[in-house]
Every structure is written in structure tokens, then in C-alpha cells.
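Colleague: Chains as they are written, first to last, in numbering that gives the first Met the number 0: chain A, 0 to 423; chain B, 0 to 127.
There may be inaccurate statements among the hints.
[Claimed, not checked] Here chain B is said to cover these stretches of chain A; the calculated rule only asks that three of the stretch's residues, wherever they fall, bring their Cβ under 8 Å from a Cβ of chain B:
no.: 1; region: 62-74
no.: 2; region: 104-110
[Stated by the list, open to error] Some, not all, of what chain B presents toward chain A, calculated at C-beta under 10 Å:
no.: 3; residue: ARG52
no.: 4; residue: ARG97
no.: 5; residue: VAL98
[To be verified] If we take Cβ atoms under 10 Å as the criterion, some of the chain B residues that face chain A in the derived model are:
no.: 6; residue: ASP50
no.: 7; residue: HIS74
no.: 8; residue: GLY76
no.: 9; residue: VAL100
no.: 10; residue: ALA102
It should be emphasised that the hints constitute simulated quantities derived from the structure, not laboratory data. Backbone N, C-alpha and C fix where the C-beta goes; we use that ideal spot for every residue, glycine too.
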Amino acid sequence: MLRVLKNPVVQFLAAGFVTVVLVLVATARLSGTAAADEAIEDAIATTELLARSVVEPAMPPGLVAGDPGALDRFDRRVLSRLMVQDVERVKIWDTHGRIVYSDQTQLIGDTYELGPSERAVLASGSLEAEQSDLTKEENRYERNSGGLLEVYTRIRSPEGEPLLFEVYYSAADVEARRTEVLAAFRPITVGALLALLALTTPLVWALTRRLRRASLDRERLLRAAVEASEAERRRIARDLHDGVVQDLSGTAFALAAAAREGGAPPPALESMAGSLRESLRSLRSLLVEIHPPDLATIGLAGALEDLVAPAAAQGVEAELDTSGLGSLDPGAAALVWRVAQEAVRNVLRHAGASTLHVVVTGQGPSGRLVVTDDGRGFDPGEARDRTRFGLRGLAGLVADAGGSLEVSSAPGRGTTVCVTVGGA
Amino acid sequence: MRTITTTVSALAAMSLSLAVAAPALANDDDVIRRGSCSGATDWKLKASPEDGRIEVEGEIDSNRDGQAWRWRVRHNGSLSARGAATTRPPSGSFEVRRVLVNAAGTDTIVFRARNPRTDEVCRGVLRY
Chain A
0 MLRVLKNPVV
10 QFLAAGFVTV
20 VLVLVATARL
30 SGTAAADEAI
40 EDAIATTELL
50 ARSVVEPAMP
60 PGLVAGDPGA
70 LDRFDRRVLS
80 RLMVQDVERV
90 KIWDTHGRIV
100 YSDQTQLIGD
110 TYELGPSERA
120 VLASGSLEAE
130 QSDLTKEENR
140 YERNSGGLLE
150 VYTRIRSPEG
160 EPLLFEVYYS
170 AADVEARRTE
180 VLAAFRPITV
190 GALLALLALT
200 TPLVWALTRR
210 LRRASLDRER
220 LLRAAVEASE
230 AERRRIARDL
240 HDGVVQDLSG
250 TAFALAAAAR
260 EGGAPPPALE
270 SMAGSLRESL
280 RSLRSLLVEI
290 HPPDLATIGL
300 AGALEDLVAP
310 AAAQGVEAEL
320 DTSGLGSLDP
330 GAAALVWRVA
340 QEAVRNVLRH
350 AGASTLHVVV
360 TGQGPSGRLV
370 VTDDGRGFDP
380 GEARDRTRFG
390 LRGLAGLVAD
400 AGGSLEVSSA
410 PGRGTTVCVT
420 VGGA
Chain B
0 MRTITTTVSA
10 LAAMSLSLAV
20 AAPALANDDD
30 VIRRGSCSGA
40 TDWKLKASPE
50 DGRIEVEGEI
60 DSNRDGQAWR
70 WRVRHNGSLS
80 ARGAATTRPP
90 SGSFEVRRVL
100 VNAAGTDTIV
110 FRARNPRTDE
120 VCRGVLRY
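Just need the whole structure built from these sequences, with the hints factored in.
Modeller: Below, the structure written as C-alpha cells:
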């Protein structure tokens, strides 16, 4: 379960789901606000229409005074025209807070105190809308209505007296409009998010796979580097023991024998000096292998000379051509050096070659190196020894620097390593 | 408020003014008055509850088709409705129906009809 949760694709989908839910909640709230505003606007417009087109023209003289016949006539004229759609209650008040008319006839004649906003509308003739306070006594018949929106405006009786015309609308209509607005927006918002999720999920999945593969490659390369380092140390120790140490031991024995005998003839001394020089050369080559030379001091050409120098001792005829080499930038020179070091080392250790050609050309940021041998070669398509990751690792390094590294080989036909840096 | 007239009170009223009105009940909430006009015509007045209001039905029965009458309904002394009607077959009668606002206290409803040609007058009264 924990492993599934750590999966980036699962995490992405979970984040997407949370986003969809958040968007749904946000759009529901926004659409609720928009629907409420729209419903209030509609209620205000309807109230204005009812006041001017229905109530005022139908109001008979004597209604405000409470004349029963006028009340009957007015009720018969307007009731069915007022109680339309979501209108829940209608009241007409005089300036003293007496209900002159209502569709709820039991309210007619009751008197309640008018609020400040109602008195202000009576004075100004404007329109007001507000949530009804259902705890008020005047609203006792609407307490189970689930919420009302009341809109009121001023009208005038035939006698010219200002009256407050109040219409109550069901809050269910606001909810219905909210649902309507939400239904219009939901397919756009949610649909777009789901489409985005559907499109990006395969990309995330592919990216995750690629990253995982790259991570595994890095681990493998790191392991190989560590193993190669171990092998290299073992090889250096072996080379020292089998080569220089043996030579120096022989020279030491010879010198000790000469000392015991009171001297040695000049040819013998010359042979011992030659042996010491050979040991020195071997040690210098070893130093070059162990630690990269200071290219800035001795230059790439000099370092390459030291690199190919041990070839002669192994019976390999080495040829170094640096005639086309100018002054390479330090970065390009370091890269060419590292590839040359690996390629030459491979030739001397594994190729069994009789000739080795190293050609370097280039100037400034661009350089080109070609290392060719006539050794046993190999099939590039075959799986290689895990310890021989050197050139593969360097290929990645060269590619990162914007260059390319190609290895051409076939069994029995030698190997050519060609590296280009800086677009040479 | 509305007054529900019981069968006992209706019978008592009928016995007091038998020549003018004969009350009867269709159901517990209805009030019906009947009576004779100044000629050979009969009238009937009925009041029933109607969603917080009073439904009033006035009927003129002359047994003659084609008679033109003018009628009016007064509510607590104030003119609530008026109009003209003609008696029609098969019974030679007409009926008018109006809804009145049920005012606080007892409502007095008067249904009056007059035949302009014969000058016959019908007048029914009920309290509700």
C-alpha cells in the first residue's frame, strides 16, 4: 500500500483528484453567489413590474381606509396576478405599519413597527431586497418556508398616500438558480481538468519510467566505477610488483654484489643505469595513469606523449600525430585527454595490437581525437564485461558537453575510437 | 372572525322570519339563506369558506327564461360587486359567484337583485 502511494503517477492522480474537488467546491460557491445575485435582480425586477403594472392600476379608492368592498374588489382583481411562480407572500403597508392588504387575509388590519430600511423606501421610493427575518410576528405564517427573500418598494394609493408594497420570494428559487448556474459551469471546469489529467497522466507515467531508468543507469555506472577503481588499484599494485619492483630489486642485488666485490666493470654499471632509467620511465607512465597530468603546464601534446610511451615496452608500435593540434580550450583538452587515456589503456590491455595510432586535431573549443589499433577488435553488439564501462561512461560525459563519441570495431579488424568535442 | 352558524341557530332564525328567509346548511361551514322576493321570484344566498376568504353565491329563480336583472353584493355595508344577469333555461334562473375577503369579526353579506322591467326586488342577508 505504501509502495503504491509512493508511486509518482498515483501521487499525480491524487493531486489531480484533490484539485478537481477543490475546483468543484469553488465553482459551487461562486455559482451560488452569482445565482443569488441573479435571483435578487430577478426578484427586484418582478416586484417593480407587479407594483407598477398590477397593484397600482387595480387599487380602488377606499382600500387604505379599510373599506370591505374595496378590499374585496382589489383582492379579486390582483390575487391571481400577484401569486405567480415563486411569490410566496404579498403585503401592502401604510405609513403607520398597518397591513392594508395581504394575500394572507388574516394579516389584514394588523399593525407592526416598520424597520428603518422600510421607512427609507417609503420616503425615497427606491427598491430594497433583503433576507426575511422569519422570527418577526408579521412573518409567522412563513416560518416553515425554509427562507424567504423580501423585496419592497413604494406605491401610491388612488388618494395619493404612499404605501409599502412588499413581495416575498422563496429561497428555493435561489437554490434552483444556483444549481442551474453550476450545471452550466461544471462540464467546462471539471471536463477541462479531467481532460488535462487524462492527457498528462501518460506523460507523467513515461517521464517517471525514464527517470527510473536513468536512476538505475546511474547506480550501475557508480557501481562499475567503484569496481573499476578497485580493479585499477589491484592492477597498479600488480604492475608495480611484477615490473618496477622486480627491476629495482635486480638492480639493487647487482649494486650490492658490486659493492661486495669492490666495484664493477663499466659495462655492468651501464646496464644497471639503463635498468634504473627503464624503471623511472615505467614509474612516470604509472604516475600518468594514476593521476591526470597538469595539461595547462605540459600541454595536451606532452601528456599524450607520456600516455603512449609505455606502448613500446609492450611491443606495440605507437604513433602520435599532434600536427593539427592548436591551442585547445581547457575544457575540450581535458575531455580529449580523458578519452585518449581510456582508449589507449584499452588498446594496451585488451587489444593485443601491434600498432597504435593517435591523431589529435583542433583549436579553441573544438577538438577531435582518433585512436586506432590493429588488435583483435570486438563485436560492438555483444554484451561487454561490466568492468569495462570506461568508454560508455565517457560517451555520456562527451554527450553532456555537446560532443559525440563513436567506437567502430569488428572481431579481428581492430578498433577505432573517434571523439569530437565542441562541434569540430 | 368567521361565525359558524349551527343548525339550532339557523332554525331559530327561520322561525323568526319565515316569510323573508329560510336558512339551511349544506355542511358545517356553509351558511345558506333562502327567501322570496317582492313578486313570485325566489332567491338563495350561500356563503362558504374559501382559502381564508368567503365564497358567496347568490341565486335568483323566477321560473321564467330571459328576464334581465341587476344585482349587487354588499359586504359590511360596502359595495363589493355588482352586475347584470339574465335568467336562463331550464330553470329560469341565474346565479352569481364572488369571493370576499373574510374581515375580522362577523361579516354581513347582502345580496340584492332588481328586475328593472317589473320592479321586483329580492334581498337576501346572511352573517358569516
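Colleague: Against each hint, give a clear statement of whether it holds in the structure.
Modeller: Comparing the hints with the structure gives:
no. : hint    : verdict
1   : 62-74   : holds (count 8)
2   : 104-110 : holds (count 4)
3   : ARG52   : holds (6 Å)
4   : ARG97   : holds (7 Å)
5   : VAL98   : holds (6 Å)
6   : ASP50   : holds (9 Å)
7   : HIS74   : holds (4 Å)
8   : GLY76   : holds (8 Å)
9   : VAL100  : holds (5 Å)
10  : ALA102  : holds (5 Å)
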